[in-house]
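Here are the chains, one letter per residue:
Number of protein chains: 2
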Amino acid sequence: MHTKLFIPGPVEVLPEVLEKMATPMIGHRSKACAELQKNISEKVQKVFYTKNVIVLSTSSGSGLMESAIRCCTGKRAAVFSIGSFGDRWYKMAKTNGKEADIFRVPDGQATPPADVDAALATGKYDLVTITHNETSTGVMNPIAEIAAVIKKYPDVVFCVDTVSSMGGTYIPVDELGIDFCITSSQKCLGLPPGMSIASVSEKAYERAKTVENRGLYFDIVSLYEKAQKKYQYPSTPSISHMFALDYQLDRILAEGLENRFARHIEMAEYTRDWARKYFAIFPDERYLSNTLTTVTNTRGISVADLNAELAKRGFNISNGYGDLKEKTFRIAHMADCTLAEVKEVTDAIVDILGL
Amino acid sequence: MHTKLFIPGPVEVLPEVLEKMATPMIGHRSKACAELQKNISEKVQKVFYTKNVIVLSTSSGSGLMESAIRCCTGKRAAVFSIGSFGDRWYKMAKTNGKEADIFRVPDGQATPPADVDAALATGKYDLVTITHNETSTGVMNPIAEIAAVIKKYPDVVFCVDTVSSMGGTYIPVDELGIDFCITSSQKCLGLPPGMSIASVSEKAYERAKTVENRGLYFDIVSLYEKAQKKYQYPSTPSISHMFALDYQLDRILAEGLENRFARHIEMAEYTRDWARKYFAIFPDERYLSNTLTTVTNTRGISVADLNAELAKRGFNISNGYGDLKEKTFRIAHMADCTLAEVKEVTDAIVDILGL
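If you read the sequences in order, they're chains A and B.
Under the working numbering, the residues of the first sequence are numbered 1200 to 1554, in order.
Under the working numbering, the residues of the second sequence are numbered 1200 to 1554, in order.
A portion of the hints provided could be inaccurate.
Pairs count within a copy or across copies, as identical chains cannot be separated in the list.
[What the hints assert, rightly or not] Straight-line C-alpha distance at most 30 Å; calculated DSSO-like pairs for lysine-lysine:
no. : residue 1 : residue 2
1   : K1290     : K1476
2   : K1402     : K1293
3   : K1245     : K1511
4   : K1274     : K1237
5   : K1408     : K1274
6   : K1542     : K1293
7   : K1293     : K1274
8   : K1293     : K1425
9   : K1250     : K1351
10  : K1274     : K1476
11  : K1428     : K1323
12  : K1476     : K1245
13  : K1350     : K1526
14  : K1425     : K1290
15  : K1242     : K1203
16  : K1428     : K1350
17  : K1203     : K1402
18  : K1230     : K1542
19  : K1242     : K1230
20  : K1511     : K1429
21  : K1429     : K1526
22  : K1237     : K1524
23  : K1250     : K1350
24  : K1274     : K1290
25  : K1293     : K1408
26  : K1290     : K1242
Hints listed in this document are in silico derivations from the structure and should not be mistaken for laboratory results.
Everything numeric in this text was worked out from a predicted model, so none of it was measured.
With the hints as extra help, turn the sequences into a complete structure.
Spelled out as structure tokens, the structure:
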């Protein structure tokens, strides 16, 4: 029996999308491959609401996050972290020898825009990283308010991790002024893991050109130039993911972005109500994620046991992340998941626990 | 019409292997995924003839090549280059701020073992990189002779790019003393591009632990430890490639490694004879690749036009690489390609050119 995934990535992938992963190979320097990358880029620009250059990377989202902070930090990076994936960005800076400071709020809280303003007002930073949606806690940052603050500092390269939100919620990249916006295939886009995608502004590209030691595989100058000039990729990309991504972007645009975002909100609202009824919601109620819900384990159940029982019925949810293991559990409602499917898994939990 | 690829990667992938790319998703932290990685590792160890730890990376082969030279160079790297992919290794060193020297022979030549000996005898180097099979020129280096020299220097970490040869020719990693042996999915292993694979010795791992600024995504310490302890991967891997790789490794081992290597030699010998009859062979005859043949364009044909005509018949070969464009062309005979298929493409060339 196949176990349906309600974990915050990898997500369930529709059979017709999986099928595209089995498309026969073409040469990566062929016209057909450049055409494929061009088509992908144009559709990604719609999903991102951007005119910036789109780069693809055969890697998880971490790859392009590392590219951003390594290649675009000139002086010093300000890393605003609201959980494990924000912390990871700081680790990327330090392991690449970059100057950086981390501004960390407690788990469950969002980044206060005033904190961003205060940090940037010091003039010490020329790059800022924000986690839009933190899967370790279920918080979705108030990106519009944060972006409004960052606009006051035109020399700052604004990087956002939208790995677990892009394609599931409205993120107008150009309107927000995001210079480096990163997502990954296996979350709200509804594809298998293995490819990350970013929009890169001319400002980020120009900054990168001034930075030394950018490495090769994740050198954003090379990724940007190859994409911009020829819709190509510096090494050999995962062509299977490109076929599937091209197809899935058509599906996403056919559903309609507004409809897709509304479906995510509907699933999120249902799951939150359910969590409030039977348990409690972990994050600050003002900043709840549209793509996953983190539930506080107020009943002291064994989450591991619950998941084992759910598996027998063909479902898989996530335990809490890191220190939040067993204290919380997470239900993802992202990509092509439907409200009916979310109801199936929550009904199964109620039934298993005899609530 | 599908165009059959005779280019040195991506190669043709068998339909039943492509199908495995469409396997439904599983969680990357699940027991099933660790079991999958364990199975892959054990089979890869057979193909590599090694007991070293096997790491997987969602990236092209360039990713793990960069990992090797960045993470394992302590003092200074000696890069022995016989073509564009050797040159790339030097570029990786320099763009990561590593001390390195390049020893480059003219295109078509192999690395003289005596040159390696002379360089290492200076005591300046603690890492050496060798390209086993250079796809830009069609040279296969005399790896056994080179390895014999390197064994005299036990403090040197020995890194080999077997991206376009592993799985197609005999490379006994442990017998040769290779510390970091890298390959990629889309060459002789017969899979779509998107995953690279390496065997990493304890010596390479211990070295890496002493090196600063290893970055995060390609940090070999983290890849090694996660693989060794739990058969896991630090971020989210391309699970689709893992399913296909697991299946294809079974196929490779069922064919029998010796049979597979013999088939590659048979295809290579046929293609060389054909090239000598109608054109000429580009590389030094002593060091011909078993996995692709680089043909000198002695007739001054338009290789681009030839390939366009071949495409009409459903075949695709490669033009020369970089400066060798139009001066040479390349016919790859790797992975699951058969002698009959190679004959089809060479017969088509003879027919098109009226030879």
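Verification of the supplied hints:
1. K1290 x K1476: Classified as neither; 38 Å inside a copy, 58 Å across copies.
2. K1402 x K1293: both (23 Å within a copy, 25 Å between copies)
3. K1245 x K1511: Neither: 40 Å inside a copy, 35 Å across copies.
4. K1274 x K1237: Cα proximity of K1274 and K1237: none, with 34 Å in one copy and 43 Å across.
5. K1408 x K1274: both (14 Å within a copy, 27 Å between copies)
6. K1542 x K1293: Close neither inside one copy (43 Å) nor across copies (54 Å); limit 30 Å.
7. K1293 x K1274: Cα proximity of K1293 and K1274: in one copy and across copies (13 Å, 21 Å).
8. K1293 x K1425: both (28 Å within a copy, 20 Å between copies)
9. K1250 x K1351: within (21 Å within a copy, 57 Å between copies)
10. K1274 x K1476: Neither: 49 Å inside a chain and 61 Å across chains, both beyond 30 Å.
11. K1428 x K1323: neither (34 Å within a copy, 41 Å between copies)
12. K1476 x K1245: neither (38 Å within a copy, 54 Å between copies)
13. K1350 x K1526: Neither, since 38 Å and 53 Å both go past 30 Å.
14. K1425 x K1290: both (28 Å within a copy, 17 Å between copies)
15. K1242 x K1203: both (28 Å within a copy, 29 Å between copies)
16. K1428 x K1350: Within one copy only: 29 Å inside a chain, 46 Å across chains, cut-off 30 Å.
17. K1203 x K1402: neither (42 Å within a copy, 42 Å between copies)
18. K1230 x K1542: Cα proximity of K1230 and K1542: across copies only (26 Å, versus 46 Å in one copy).
19. K1242 x K1230: Within one copy, since 18 Å is at most 30 Å while 36 Å is not.
20. K1511 x K1429: between (49 Å within a copy, 24 Å between copies)
21. K1429 x K1526: Between copies only: 24 Å across, 50 Å inside.
22. K1237 x K1524: between (42 Å within a copy, 25 Å between copies)
23. K1250 x K1350: within (18 Å within a copy, 54 Å between copies)
24. K1274 x K1290: both (17 Å within a copy, 24 Å between copies)
25. K1293 x K1408: both (20 Å within a copy, 15 Å between copies)
26. K1290 x K1242: neither (32 Å within a copy, 33 Å between copies)
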